[in-house]
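There are 2 protein chains.
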Amino acid sequence: MNRYSVLFLPHNKKIEVDEGSLLIQAAMDAGVHINASCGGEGICGKCRVIIEEGRVGAEGFSEKLSREDIEKGYRLACLSKVESDVTVRIPIESKIDVSVLNLQSVPRKKARISQMNFDDLKEQGLFFPPVEKIYLELPEPTHADNKSDISRLIDHLRANHNEHQLQITLQTMRKTPDVMREEDFKVTVTIERPVRDGGRSRIINIQAGDTREKNYAIAIDIGTTTVYGQLIDLITGEALAEYGDFNGQISYGEDVITRIMYAEKPEGLKRLHTVIILTINKVVGKIVKKAGVTIDDVSSMTVAGNTTMTQLLMEINPKYIRRAPYVPAANLYPPFRASDIDIAVGRHVPLLVYPQISSYVGGDIVAGVMGAGIYRTDKLTLYMDIGTNAEIVIGNQEWLTCAACSAGPAFEGGGVKFGMRAAQGAIEDFSIDPITLEPMNITIGSVRPKGICGSGLINIVATLLEMGVIDNRGKLNRDLGTDRIREVEGVWEYVLAWREMTQIDRDIAITETDIDNLIRAKGAIYSGCMTLLEEVGLTMDAIEQIILAGGFGSCVDLEKAMTIGLLPEIDTEKVKFIGNGSLLGAKMSSLTNTIRKDVGKVTAMMTNFELSETASYMDNYMAALFLPHTSIGNFPRLKERMEANRSMWESRKSLRK
Amino acid sequence: MNRYSVLFLPHNKKIEVDEGSLLIQAAMDAGVHINASCGGEGICGKCRVIIEEGRVGAEGFSEKLSREDIEKGYRLACLSKVESDVTVRIPIESKIDVSVLNLQSVPRKKARISQMNFDDLKEQGLFFPPVEKIYLELPEPTHADNKSDISRLIDHLRANHNEHQLQITLQTMRKTPDVMREEDFKVTVTIERPVRDGGRSRIINIQAGDTREKNYAIAIDIGTTTVYGQLIDLITGEALAEYGDFNGQISYGEDVITRIMYAEKPEGLKRLHTVIILTINKVVGKIVKKAGVTIDDVSSMTVAGNTTMTQLLMEINPKYIRRAPYVPAANLYPPFRASDIDIAVGRHVPLLVYPQISSYVGGDIVAGVMGAGIYRTDKLTLYMDIGTNAEIVIGNQEWLTCAACSAGPAFEGGGVKFGMRAAQGAIEDFSIDPITLEPMNITIGSVRPKGICGSGLINIVATLLEMGVIDNRGKLNRDLGTDRIREVEGVWEYVLAWREMTQIDRDIAITETDIDNLIRAKGAIYSGCMTLLEEVGLTMDAIEQIILAGGFGSCVDLEKAMTIGLLPEIDTEKVKFIGNGSLLGAKMSSLTNTIRKDVGKVTAMMTNFELSETASYMDNYMAALFLPHTSIGNFPRLKERMEANRSMWESRKSLRK
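Keeping their order, the protein sequence lines are chains A and B.
Letter by letter, the first sequence follows residues 314 to 970 in our numbering.
Letter by letter, the second sequence follows residues 314 to 970 in our numbering.
Looking at chain A on its own, in the form it has when it is part of the complex:
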């Protein structure tokens, strides 16, 4: 895909974008404000820009533009797709606009995607696949050599492949006599490697002929809401197919607590177990079909999920998870076969289930820690997985601490008046004209807005703070003389989009209650980090890198997340995003036994803190209930920006007049 530069004038800000990107998104990413409240359907007609050089797609024409405008080079930014290097001028129609040019704003900066790949593994000498295939041409039995079929197999492996102390499964044994004779005693055996030193390799499958090139693994992330699966080629390390589907347990409760309650009903546990297996089997069926592989060639499987999901998967009563003192059934799980719990793969397939740290820091987090390699770095790392729940891990190769934070669902749009999941029509990015207070809304799918998603919420609140529209307690400045700030039924709010610009036939606004919920959510997480650090005698500035996991991390603007005090303020280059950490960990352990070997050690090493039982937590939490925090000194970049902007805020009324 071609990349083009877009130069915004008079701001003189330049940004590189992919061919076909919308100009309005490019402006947002470059930190350039363009009034735009309709989300990009060309309805409001406010995002007029002049194309001075270069070419944009014809969609930029609109009935909102006169023929004269078009001839002058005007286009609507929300409809114009970049087709070459372009120079775009934002019309300067008043002194107000000129003053905006001096605003301190920062370009959008999302976390770099960072995943360890197969070649890295090989280079680092960490490629020990948990399952291997070996092709054998066995001597045929005679009267003088009529040892048993299994002895023939094992003796040959010992003599010719240096394989000793092999075990074999009952299933393989059952297949062996017929399979051996299918292609004249030419067979491929699948060998499962031991996880611990001194353990024994085990023959788990036998196939006729040479099938070495077909060796696959399945990695599954069981989320409370969604189940993702990947089919991995164990020869190339590639993910050949991926599929996600809703966790069928949703019908029995939205969150882990309601699921646990359901599991306590008669037959409830069995039901939830059956349902998650059905979901997994659907995902497995899809990825196997998508990748066009034979199910018998799937040799290994790994699953990661939070503690409740994992116990339900394994049909272990989760009832003590929700009762003080919050005891999970187990940390490490014993080795078993996927078919033991009715997962629809071959009976030979070993299933690794990621271990749990505690009732609320589960296998999904351990998988992320393993997949991201935190346990092997010397850098002090903050790992955050924000989804339905929020978990944090702090540490490095020498020590690891973790905690679950009661952040609530604000980051997934929950507890927010117009909150919604990150789906089409969600406002995901936002900018504001500091003088007119007109918004620039960017929605997912570039359609008229329906609501606000989690990352949108962060961007909105951060921007409102930077522009002095809200104070550090999240209260709206009631005194700015705009009808966008108003009181409805005793609650103050800022209107992001008027009714006629939305899909829902209502004004979409962000309320002080929404902001308050966000502050409590981010406060819970930030104070969780502080508490963990304090417990090991460190402070926030010791953090050397941040790794974000979870769908949330992919679209959040790092600088904005720091602005609201969700993340500590560090160089954004030091923030990485690994996507679905749980799925990543599951994938990585399909590729290398080093992870399986280390996971027990890492699990034992991870010290869990029950924040509600940790004395200093409440103090830290109270201190974090400000934007960005009681101590703004910890956020020097934000402090500088706000100070630079302060004179403008103070003069905005006079400028508007």
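Take every hint as true, because none was put in to throw you off.
Only pairs whose alpha carbons sit at most 20 Å apart, straight line, appear in this in silico EDC-like list of lysine to aspartate or glutamate:
hint, chain 1, residue 1, chain 2, residue 2
1, B, 460, A, 926
2, B, 632, B, 567
3, B, 692, B, 847
4, A, 914, B, 476
5, B, 692, B, 884
6, B, 632, A, 496
7, A, 460, B, 926
8, A, 966, A, 746
9, A, 632, B, 453
10, B, 599, B, 551
11, B, 632, A, 453
12, B, 460, A, 923
13, A, 583, B, 491
14, A, 730, A, 820
15, B, 632, A, 458
16, A, 394, A, 354
17, A, 599, A, 546
So the derived list for chain B, only partly shown, Cβ under 10 Å to chain A, looks like this:
hint, residue
18, 454
19, 455
20, 483
21, 485
22, 513
23, 624
24, 627
25, 632
26, 638
27, 645
28, 646
Which residues of chain B face chain A? A partial, calculated answer using Cβ under 10 Å:
hint, residue
29, 463
30, 480
31, 486
32, 629
Hint data in this document are derived by calculation from the structure and do not stem from the laboratory.
Just so it is clear, CB atoms sit at the ideal spot from N, CA and C, and this is done for glycine as well.
Assemble chain B onto chain A, guided by the hints.
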């Protein structure tokens, strides 16, 4: 039970018997002949004896005896039960009778029952039970100590019971949360010990409270015809209950070959597998009920059976067992759970399946070798298991050889005109008046005869040989002037019981064809032994002890078995009988892991010979088709007896005149 002595006059032979023994059996055991052809129902009235001292039961009166006879002390031996020490005179009515007194005959000598017991095991330091129970009083979880339930368990075992590197099963994990809380965190765990050094112990069950005293194992012998089970108390080593039932597979074929053929039909393997599981479950149900134990307290299970039975049990296609070059699927089986193959015990129960040596020397033989301790003795031992098939093992702690012999079913009454299983009415013992050639038949149950069982056949043929009624090729002496020796439809036979003395309304006879079949059967076994010995450069006289296994061994008269050349002639004190060797081995390995540890080594050490492929076998076989053998020099005791008797045989015609 009281023991009394019985003195027979004028033979002056004394024997000790249990209270209530029949006089006729006592006479047989003492080597004293009394004419008696009706099997002991008092029909023929020939077995008149005089009670000179002591007391016998009132059943000895009979209408066959006149009042005068009774007053003189006459009784029928077949109805008289010993009630004190007695002196019994056999009426001497002619010179013939006197000459009989000088006959060389030997008292019945059955093999001593010899089984290693629990105390021996303990004394020899071999008592390492494969499953142990440990009682724990765990600290209850608190906020400060909310580790997972499994960690609580494992940490406690490590700290207080020196148990390290413990594994745990998924099933135990599932039960743990609820069971722990049932009796305030007081639990009993069942721990399965590793078989190999360096293996890990595994927690396989958890129960509320203290259940240490209830720990049981099940041992199963899967015979082609019969399945036996024992319930063993792992605290006392006692067998609390035993039960045997027909193998349900009998409906699908009498022997292993027809079973294999059935297994090759569509769904045949699955069907036979299901049927044997049903039989085992019935046996398990019976012994568990009989012993009055709770199924959850059964912690371990061992199964032994021949190769075909074992493959059917494990649902492994046995088709290559019956096709040259006769390849079994496997020798050793992997560890698995009894419930994996639907055996109705707890899901925690590990199942040990005894390994196979070859297609026709199976786990039943290995179990016998292990149970009898052959692999730990320095004595050169001949082990024989004669059932539907005959298998032999020769060796000691240094080496072991084995072979299956195609003996045919003669020892189970098959291929014999009036052959039958050892059931009520089977002639099981026999003596003959050397002059009159009148028989003394002893039947199982002391009822009129129905047929001849295996041990009866041996006793009859041996006695006929010793008395010169048949020659060393098994041919009847046609020239003895008795109507008991006759030709029917071209086949010569000796009539054991006339029609009116039998239950079947026909004369019961032994034919030359029957004798021929027995000679071929014993010849196959004896020559098998010779071949094995030759292969290691030894001869028969090297044998230092014989161990007999199988139901057959319990009632066979050792001296008679040597007379026909089934056993080599050694001191009968050196012959031991262990009963069902397969069941014994299964029981022993329930009690000690040393057997499980050694069994792999022993299996590897046992060299199997396919006799049909061993060059010298046919020569040895041809030489063994005589009574006792071409080389009578190997049977010095028999030779001496026969020489001593010869003059009487030769004079019998003149004596009779």
